[in-house]
Every structure is written in structure tokens, then in C-alpha cells.
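*Asks:* Given next are the chains, with one letter for each unit.
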Amino acid sequence: MQIEWSSEWKEGFMERLEDRKAWDSWMLYNMCYDVEKSKLITDFHGLQSPKYLPELTPFPHQLEAAETVIERMNGKAILADEVGLGKTIQAGLILKEYLIRGLVKKALILVPASLINQWVEELNQKFHIPTIQYKKAYDLNYCNIVIASMDMAKRSPHKENIYAQDFDLIIIDEAHKLKNPKTKNYEFVQNLKKKFCLLLTATPIQNDVFELFNLISLLKPGHLGNFETFQSVFSASKHNVEEDEFLKELINQVMVRNSRHDTGIEWTNRRVKTIPLEFSEKEKEVYDMISELKHVSPVFSGAFSMITLQKEICSSKHAAFLTLNEMRQKCTRPEEISFTDEIIQKLAELDVNTKAEKAYEIIQQANGEKVIIFTEYRASQAYLQNFLYEKGIVSVPFNGQFSKSKREWMKQLFKEKAQVLIATESGSEGINLQFCHHVINYDLPWNPMKLEQRIGRVHRLGQEHDVNIYNLAIKHTIEDHILELLNVKIGVFEKVVGELDDILSEYKLSI
Amino acid sequence: MYPQQIHQYIRRFFKENNCEIIRENDHFINVQLTVEMDKRIMNRPFYWKYLESTGDEPNPAQLTLITDKNRLQEAIAGEVVHYGSPRLNQLFQVTKELGSFVQMYERATTQSGTQTILTPWVGVNYKITYSSDRTQETLYSLGINLMTGAIINGFQESISGLNLESSISPNTFHLPYTIKPLRALERLDAVIENQIQHDDHTWAEEAKERLRKDLLVLEYFYRGIEDEDRPECYESEKKAMEEQYETRIKVEIINGGLFYLKSI
Chain S
1 MQIEWSSEWK EGFMERLEDR KAWDSWMLYN MCYDVEKSKL ITDFHGLQSP
51 KYLPELTPFP HQLEAAETVI ERMNGKAILA DEVGLGKTIQ AGLILKEYLI
101 RGLVKKALIL VPASLINQWV EELNQKFHIP TIQYKKAYDL NYCNIVIASM
151 DMAKRSPHKE NIYAQDFDLI IIDEAHKLKN PKTKNYEFVQ NLKKKFCLLL
201 TATPIQNDVF ELFNLISLLK PGHLGNFETF QSVFSASKHN VEEDEFLKEL
251 INQVMVRNSR HDTGIEWTNR RVKTIPLEFS EKEKEVYDMI SELKHVSPVF
301 SGAFSMITLQ KEICSSKHAA FLTLNEMRQK CTRPEEISFT DEIIQKLAEL
351 DVNTKAEKAY EIIQQANGEK VIIFTEYRAS QAYLQNFLYE KGIVSVPFNG
401 QFSKSKREWM KQLFKEKAQV LIATESGSEG INLQFCHHVI NYDLPWNPMK
451 LEQRIGRVHR LGQEHDVNIY NLAIKHTIED HILELLNVKI GVFEKVVGEL
501 DDILSEYKLS I
Chain F
1 MYPQQIHQYI RRFFKENNCE IIRENDHFIN VQLTVEMDKR IMNRPFYWKY
51 LESTGDEPNP AQLTLITDKN RLQEAIAGEV VHYGSPRLNQ LFQVTKELGS
101 FVQMYERATT QSGTQTILTP WVGVNYKITY SSDRTQETLY SLGINLMTGA
151 IINGFQESIS GLNLESSISP NTFHLPYTIK PLRALERLDA VIENQIQHDD
201 HTWAEEAKER LRKDLLVLEY FYRGIEDEDR PECYESEKKA MEEQYETRIK
251 VEIINGGLFY LKSI
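So the protein sequences, as listed, match chains S and F. All residue numbers for the first sequence refer to full-length UniProt numbering, where the first residue is 1 and numbers rise by one. All residue numbers for the second sequence refer to full-length UniProt numbering, where the first residue is 1 and numbers rise by one.
For reference, chain F alone in the conformation it holds in the complex (with noise of 0.2 Å):
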């Protein structure tokens, strides 16, 4: 990410969370947060847990956020956020905290009068990680029609044009489901996994022949000696090995929802 991108980032972010901005250039953002902001980034549990008990007027703090300090030309005091910087990153975890579940209805444009049909899916976000000295990830956006049971791939990027909303438009009406949303969740799941199956898994032997070829050097080391006479640190070491090269496959549901559409 840019500093432009992660100015527009946090301008959206702040905004979305309906903390005034009260300054702002390209380089860096002032804003007001909201009680329910602070509360979220600003790791001060006992000044909220005070002011519950006092019941005095909430103070909630002002953030000032350098998104470029190289182009930033006036004086101003603040936090430097760049990519890797602490505070993006839990911008991103409060993010990701705020962003998990959503229930959206495409935007009827036709004429007044006509009525549209909304059809619902299931889309979810999945990650999933492979892991074992080393790690690989991979996304699968994956969306499933609740009527049909067709399932769609790269479902985030077919709906990220369209036209959605949190609640439905007049004159617009949707069908009920024939599947019931979490047995969707279940077919999405099994898709996941002949999908892992499917995998090419040789970072998973090669992990293994790795492990094998260290155990045969520890073994050497300690060649001629009797395992009951074997010191503790060759059972730590063993331990190490086998932990260092574990191989893992992962699945973590990034986020996902309910969609009424009508364009797929």
C-alpha cells in the first residue's frame, strides 16, 4: 500500500465509523473519535472504567495520523502510519472486527411500477494457509445461489460492481431460500476442502524430507549411545525438529454473508 492508498484508507475507515474529521490534507488526517472508537483503539480501559464509576462527560480522544511525513510540509504533531506501522495494523484488525458479517440487497433500477426478484446466496471469503517452516495462502471467494445450489468462484469480484445496500428497495421483493443458509455454508465448506485435496502437497513431503535428514544428523550425533543414556536436550531437540517442520493446512473464514441479487 501507497501512503495515498493508506490515506484514503483511514479517511474511509474513520468515516465509516462516523469519527469527525476535523483536519486533513493529503499527507495528514486530524480526526475526532467517537466513545465507541476510543474505547476500540485508544488501550485506555481505566480511564472508560473511571468515568463509568464518576459518571462524568465522556472526553473521547483526538487522533492525528502523518499518512506521509516526506511530503507533509507544515509542522504537525503526530503518529507516522506507513504499511507495517502498529497502528494501521490494528486499524486493520478493528477493520476486519467491523467487517465480518453482511446482509445486502442489490438496487432495483427499473421503472416505477415493475417489480423486481431478488435471488439469495451465500458468499464467503475463505483463507487457506498451508504451513510448516514455511507458509503459503491462498483466497478463495466463493458464492452459493440458496435457490439452485450453483456455486460461483471469485465471488467477491463478480458483486464488488453491483450496486448493493443494507436494506431492500421498494417494489423489490426476494425469494425465499431452498437452502437454508448454513447448510449453504456447509457445501461452500466442502468445496474448501476437495479443493485442499486437490492441492499439489509437495511443500508437505519436502517439509518431511527435511525433518527426516535432520533426525538422521541428530541421530548421528549421538550415534553409540543408549537411548536410556541420552541426555534431555536430545529429546528437546527432537521435539524442536518435529515442531519446526509440522506440516498444517488452515481454514479461516475471512468474512462473508447473505446477498439478494438479481444480476447473477
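Only chain S is shown next, with the shape it has when bound in the complex (with noise of 0.2 Å):
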């Protein structure tokens, strides 16, 4: 092996041998060499970032995390620690790791829009990684640790410039967004030269298994096999997941988890309640009108339009309505229209939502304590703000289209003034709220790592609370099939990838 040396020292030597330069300091000689027998690193293994960063405390389950990244893993991985366990911190302490060492002179960060800030604050000031936000202007050439949002970085020419750069490490979150390789997304990252390469993500499967393989072939192509191999074994039904040891254990190698039980932290306990509703008599009607239609008319005859209507129904009828309202447009003979309107008319004269009144009760039960709510439907989060108002009660609505100064304001005034925050779905990545522990899941979505996301807002480190869980639900609807569904893909989640903290509780199905 070639030996590179340096020959700075000598040239240096030289010019002060031949007095062309004065001589050094003894004190600062010394002061000089034991900086370096302190900096020295011994040993091939071990972490070495500790020591550099006293004001931190990491926990266990991180520090183990990012040693066997580092030294099992050779620095490729998917980190896909639950929702709240400090997946940002383990990521940290690898990039800086690398950096002590030498081995990472360049990183590139590529993270949803929403969470830019709060990443270049946590690696400027818990690991005092120089970072900066990647702007239009920059030229990457000056910039070492750089983040940037993946919705630009994938845009010429953007992505020219970054493919120019040569990135030691590249460090992805919230990648589940990768699962589906047809994306612009996916083929981005996969033309990417990923040295270390971490993958952020709590949720590497949300509906199928096909996702994980995804996620791995962008870090380590062939760790699973190739497409074909992969599905010949796998596939047999997209939900029936054989071989699961086999399957775990090359999982295993290339991916870091951790539950909350495996942390050794004390853990304030999820109680989960899935409450099952029977709709009011006029609500039923509404309902089941709504749900003949695919049979009075062709426009409503697509599955996913009747399945919109029906969710949204069991949701609000202002909900429904926008839907109902715009489809009507397209109805063309007279009887598909009449039947139309009379549901229009039916929805307009409900007085009572099942779903609202039991959510009312439960936040008076919560004697004052903060709730959350989430709701599916920017209409229906409308419509609870204002039947709450009714109540005397105070909410704030959230969604992620929030700029981040109005996320943190709304944030500020659920703390401090409002006894409940309604959130969308958007709303649910990247707001911590460990001052709440009551949530209410007002609407169920289709994919279990949602809800998962959304109980990862209140329960993660620094809940002091156990944490109420409502899931709210309509008897026979569409609502019952989400329910078995969110199951059955609980039940893949967990034989692949492991277990999975309480969300759906005593409907618990056997798989």
C-alpha cells in the first residue's frame, strides 16, 4: 500500500533552519502535542463523538445505535427507530463521527421542507456540525454539511449541481417517502453515489413489503435479491409475509430499531381505545343513499369516488358535501340528478354528528386536559372548530401547509391558550407536543403508520403522562373495513420488521 506523506513540516523546517523564518513558542509546542495524544484516535472501534460533545446526553439505545451503523453496518443503513425516540440524534452522532475521523468532509441532508430548520438547529447547536441550508444562490462547492429540501433538490438545476458534488455521506428523512421506485423522488436518489448513506424513517413499511425492498435496493442494491428473486419468494400473496426469520435476518443487517420498550427508558403507557359509534337514524339514511348511488349513476360508479364519499360521510357532512356537490356537476340525466340533490338536501337538514357529540364528551372527560384532534378533512376540521366554539370550547386549527412562524404560533396558543388543537393529516410530521395526552383519531386512515406518526406527536421523551388514545369509528361502514385493514397490515409490519407499539388496542384481529 502507498504511503501518502505530507512534506508541509518539512518545507517549514527548512525555511526556519535557514533563518528565513523565526521559531515556534516551547509552550505552545507542548500545548500543541498534548492536543493531539488527547485527539488521538486508538482504536479502529468505538465512538469517539461523546467526548467531543459533553452538553449532550444521548441514550443508550442511540449511542448502540450508531456504533453498530458504524461497525456493522459500514456506514449504510436505515435508522427506523419508533416515531419520538430521537432518530435525528443518532444520525448526528454517526455524521459527526465520520467528521472526527476524517472520513466525511461533505454531507448533503435532504429532508421534507417543514423539517430544514429544525434539522440545521440541532446539528449547529447539540452537535456543533456547521450546517447550512441550501439555497438558490449557493455554490456548492463552499459548502460542506448543506441540507436541502428533496422537492428542490430533485429539480434541475439543482440536481446537476448536486450530482457534480462529490457528498461522503448522504443522510435521507422521512425516507418511506422513497417506497415507490416509478417516483422522481426514488430515481434521484438512486443516481445519487451513496459512500454512507443513512435512511431515516419510522415507518419502512406502511402497506407492503415490496416497500422495504424498495428502500433497500436504493441503499444496498441486491441485499435482498433482485426484483424477481425477491417477488418469487415473497409475493405469494402481498400480505402473507413467508419465511419471515430468513427475511428478518437480512433485514437486520442493513437496518437499526428500536421500541420504546427496547430503550431501558420508563415509558409512560399507551391506552388505547377504539370506540365503535352507531350512526343516528338520519344519519344511516344519508349513508345508505350515498352508498346506492353507484347504482342510480355511471359518475358514481368508480370505487375510489364511492369509497371518498363514504369516508368523508362518516367524517362530516361538509366533508361529504364539497365531493357531492362537485360530482353532481357531472350528473347529466334527470333522475341521477334529482337523487342527487335529495341526498344534498337530506345532508343539508342533519342536526346531529355521532362522531362530534362523542368527541365532545370525551375532551369534557379530559377535565381540562389538552386534546388533539385529527381529522382527515380540511371541511370537517373547519366544521369541529366551530361546533366546539359552540360548546365553549377553544381550538386552533393545524395544518402543514402552516408557514413555520404560524406552526409555531399556533403551537404556542394550543400550550398556552386552547384547550384543543385540530390537526389534518399533514399536520402530524415534525410538531412535538409532549404537553398533550389525550388524542383523538377522528377519522382513521388507510395506512397504520399514519396513525402511528400522528400518536408519535404527543407520545415520545418528555411525556410525562400516560397517553389516551380514541379511535373513532363508525359500526357498519366503510370505517369497520379501514379498521381490518389497518390490521392486517399491522400484522405485516410486524412479522418483517418487529413490534409495534398499542395503536388499534383490543380490536387486536388474529392474522
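For the record, the hints were derived by calculation from the structure and aren't laboratory data. In this text the structure is predicted, and so the values were computed from the model without any measurement. Heads up, some of the hints might be wrong.
Covered by chain S, per the in silico footprint, the following chain F stretches (three or more residues, Cβ under 8 Å) [as the list claims (entries may be wrong)]: (1) 40-46; (2) 73-85; (3) 171-178; (4) 221-227.
All residues carry an ideal CB built from backbone N, CA and C; glycine is no exception.
Now that you have both chains on their own, put them together as the hints suggest.
*Replies:* What follows is the structure, given as C-alpha cells:
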């Protein structure tokens, strides 16, 4: 092996010998030697970074994860801890370690736009890693540790600028957004040179095991075989994972996952209640009429639009009204129009919302404690805010589209002034609300990981109370089906990835 | 390094660089920087450029560093420094820049009237770095007698207890060297090279094995696809792996110098 000698010192020494420059101070000479000695990395193994971060006290599972990634996975890994266990800290420790060891000079961190500031702050303040956000005018040649939003990075000319750089480490947060190989995101990351690479996601499987295949193939192509071999072994049925142990073993070679119970930290309990509700007579009538629509008009015969409407009416008449009204414009035959109009008429006349009443009841029982309501629909969000206001309960809305300052403002209002926060799905990433411990899932998403993300907003490090989760579902409607499917998906996840904390509770089916 | 050690370090650093300590206790220090130190560590080249062009009175900054904020009783506004903090790293860097080359004479302690003869040495502190996807470093402090060519290991430790000064004591003389310092440096380099050759290099073998395995996995992914039909990301993936596991040996000199000694 070639030895790389640095000749810099020799030149300086010559200059002094020839009296061209002055000699240095003996005191500084000794201090310099002592510093080098204290900084010396005497072992290939172990972590240096904690020594440099006396202000940070990582949890044992975070240190262990960093060590595992560097030593067992050679710096290419999926960090898949449950929500709220501090994946950012793990990534920071790993990045810091590589910087200290001189193995990484340039790093690129790709995150959703809404999380950029949080990352910049954490890396700068907690890890003393000078990090900057990538802006249009920046010359990447002069930026060592750069954070960019995935949406910006994948577009020209940024894409080309990034490809032209020689990054040693790529970190991607919320990496489950890369589950689909046909997307621009996936293609962009696939073509990126990944010497060391960390993919962060609490939810490596959202729907099926192929998502994990895609993620791992991005990180380490071939680790799970190629698509054909993987498919032939694992696709007997999309939801039926055979050869679990074998697959699990392979996955464990590239993925670190801690559940709350693995961490050795005392966690507060999760009390999950799935509350089945009965529609009122009138609500039932409207729901049935809507379900009937597909036989009346071809406009409503598509499975997707029917399911959307059914879900919406389970949420609020306001949510359903928007869609219904839109589709009514497409109806042509008089009997279609009159039937639709009749539904709209009945919809307008509905005066009781069973779910909203239940939510109100739960809020009352919370005795003034903070409550978060998650809904899938903006219309339901507005309706609930108004509904609660009339009952004398102050609430604040929360959407993913809010700017950073507005998010902070709403969070502050919730903490100090309002009892209830009503969030839409997109609001469930990147806000931390440990001061609250009641979560109402007013509507259920199709994807259990979204539920986990929602719960993770409050059930995370720093939560001091048991967390109460209320899943509202209307019996004999589409929501029965959603619950069932959620259970199946949780089953797949647990077989392949590992235990999940309770999301659905007593409803658990055997799979 | 503990807070006290850091405090001592910072204190010595500024004193050695002629920066006046204005106020301090065990947990903080407030110093007046010299113009030279301001230019080195305050990162404001435009200010100094501006001053040069206008000819105004230079006004170097004061710096307050808090070395142990947990024990600090008073309310002091300042930068908190600890091991790993950017400011301390910067001071380490400056120390290195200003502490790389010395010429030292051992102080003669004999009675007046007698002459002391000093022997010239070259001492060099080396750092060897082995790296692949992991790293390991070793320090070697070597010294070579410029009269006899004798080489000793642990040179820094041997001289650290001696009374050394930057100028020669009265009534003291040193022998002219028979081995030129640059030639001596080459001999020390050869010792290092020899040391490297005799080291255990299992680490390199292991890194190559990791690369081999990873390449196999990659090949498997593209099995059945002809080379010319493989996508670009196949090549970039392969290149990334080669870089990831590339084994390297680097030798760097931390500092060193000419020493005139009588005790060794």
C-alpha cells in the first residue's frame, strides 16, 4: 500500500533552518502535542463523538445504534426507531463520528421542507456541526454540510449541481417517501453516489413488504436479491409474508430499529381505545343513500370516488358536501340529478353529528386537559372548530401548509390558551406536543403508520403522563373495513420489521 | 479534557500569545486580544482591510470565554467553550500553527566557570493514520542524535522534564552536527516507514473483504443484465463502494525541531 506523506512540515523546517522564519514558542509546541494526544483516535472501534459533545447526553440505545451503523453496517443503514426516540440524534452522532475521524468531509442531508430549520438548528447547536440550508444562489463547492429539501434537490438545476459534488455521506429523513421506485424522488436518490448513507424512517413498511424492498435496494442494491427473486419468494400474497425469519435476518443487517420498550427508558403507558359508534337514524339514511348512488349513476360507480364519499360522510356532512356537489355537476340524467339533490337536501338537514358529539364527550371528560383531534378533511376541521366553539371550547387549527412561524404560533396558542388542537394529516409531521396526552383519531387513515405518526406527536421523550388514544369508528360503514385493513397491515409490519406499540388496541385480529 | 484543564489551556494560550487577561475566575476568562490574535480568530477580514485603508486606530476585540457554566455564579455574558466546541477547536488549530517548529537549548546548571557542551538532536512527532471505512491513529515521537545517528522512541516524553530555553545559556556551547537535520529527518521517516511495514494490517484485509462481499451483492442485483445495458447507477454504486472501503495510510508531522541537549 502506498504511504501518503505530507511534505508541509519539512518545508517549514527548512525555512527555519535557513533563518528565513522565526522559531515557535516552546509552550505552544507542548500544548499542541498534548492536544494531538488527547484527540488521538487509538482504536478502529468505538465512538469518539461523545467525548466532543459533553453537553449532549444521548440515550444508550442512540449510542448503540450509532456504533452498530458504523461498525456492523459500515455506514450504510436504515434508522427505523419508533417515532419520538430520536433518530436525528443517532444520525447526528454518526455524522459527527465520521467528521471527527476524517472519513466524511462533505455531507448532504435531504429532508421535507418543513423540517429543514429543525435539522439546521439541531446539528449546529447540539452537535456543533456547521450546517447550512441550500439556497438557489449557493455554490455547493464551498458548502460542506448542506441541508436541502427533497423537492428542491430533485429539480434542475439543483439536481445537476448536487450530482456534480462528491458527497461522502447522504442522510435522508422521512425516507418512507422513497417507497415507490417509479417516482422522481426515488430516481434522484438512486442516481446519487452513496458512499455512506443513512435513511431515516419510523415506518419502513406502510402497506406492503415491497416498500421495504425498494428502500433497501436504494441503500444496498442486491441485499434482498433483485426484484424477480424477491417477488418469487415473497409475493405469494401481498399481505402474507412467508419465510419471515430469513427475511428478518437480512433486514437486520441493514436496519436498526428500537421500539420504546427496547430503550430501557421508562415510558408512560399508551391506553388505546377503539370506540365503535352507531349512526343516528338520519345519518344512517344518508349513508345508505350515498352507498346506493353507484347503482343510480355511472358518475359514482368508480370504487375510488365511492369510498371517498363514504369516508367523508363518516367524518362530517361538510366534508361529503363538497365532493357530492362537485360530482353532481357531472350528472346528466334527470333521475341522477334528482337523487343527488335529494341526498344533498337530506345532508343539509342533518343536525346531529354522532362522531362530533362523541369527541365533545371525550373532551369534557378530559377535565380541561389538552386534547388533539386528527381529521383527514379540512372541511371537518373547520366544522369541528365551530362545533366546539358553540359548546364553549376554544380550539386552534393546524395544517402542514402553515408557515414555520404560524406553526410555532399555533403550538404556542394551544399550549397556553386553547384546550383543543385540530390537525389535518399533513400536520402530523415534525411537531412535538409532549404537553398533551389525549389524542382523538376522528377519522382513520388507511395506513397504520400514519396513526403511529400522529400518536408519536405526543407519545415521545418528555411525555410525563399516560397517553390516551381514542379511535372513533362508525359501525356498519366503510370504517369497519378500514379497521380490519389496518390490522392486517400492522400484522405484516410486525412480522417483518418488529413489534409495534399499540395503535388499535383490543380490536386486534388474528392474522 | 475537563473544564479545569480547558480553563488552564485557554489561560496559557492567551498569556503565551501576549493577550492580556482582564478578568477571570476559575470558570470564565475575559481577555484583550492583540491585533495579531484578533486577525487570527475573530474572522473579520473586512474590518482589518478597512482599517488598513483608512489608517484608523486598530481596536482589537475582547473575548469572554466561559469554561464551566455550571459552576459560574455571576451573570457573565460570554461564549461557552467545552471540548468539541468550535471556539476551542479554533484555538487548538492556532496552537498548531504557532507551535510547529522549535529550536531549544537545555539550560546549563553547572557552577560558573565550567563549560557545558550540548549535543544536537532533531525531534519529530509523527501521526500515522490508517483508514478505510474506519480509522486508527498512532503517535510516534522520535529523536535522532545528530552526532551519532542514534534514534530514540518516546523523545517528547524524555525531554518534557528538562529545562529548555529558546536561547543558549552563557558558557554553554554546542557541537556542530555531523548529520544534517534534513538528512536526519529522512532517517526518521525511514523508521516510520519500517514501523508501518511491520504493523499488523489485518484491518486492510478486512476492509478488502467487506468490499468484496458488497460487490458480490451488487452484482447479484444486476445478474443477467449485460454490462453495457446496466444503468448508470450501477457504476456509481460500484465507485461509491470502492471509495467507501479504500484503504489508506497517511503520515503527518505534528511538530518537531532542533534540540541541543546534555542530559540524553
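*Asks:* Let me make sure I understand: some of the numbered hints might not hold for this structure. Which ones are they, in numerical order?
*Replies:* 1, 3
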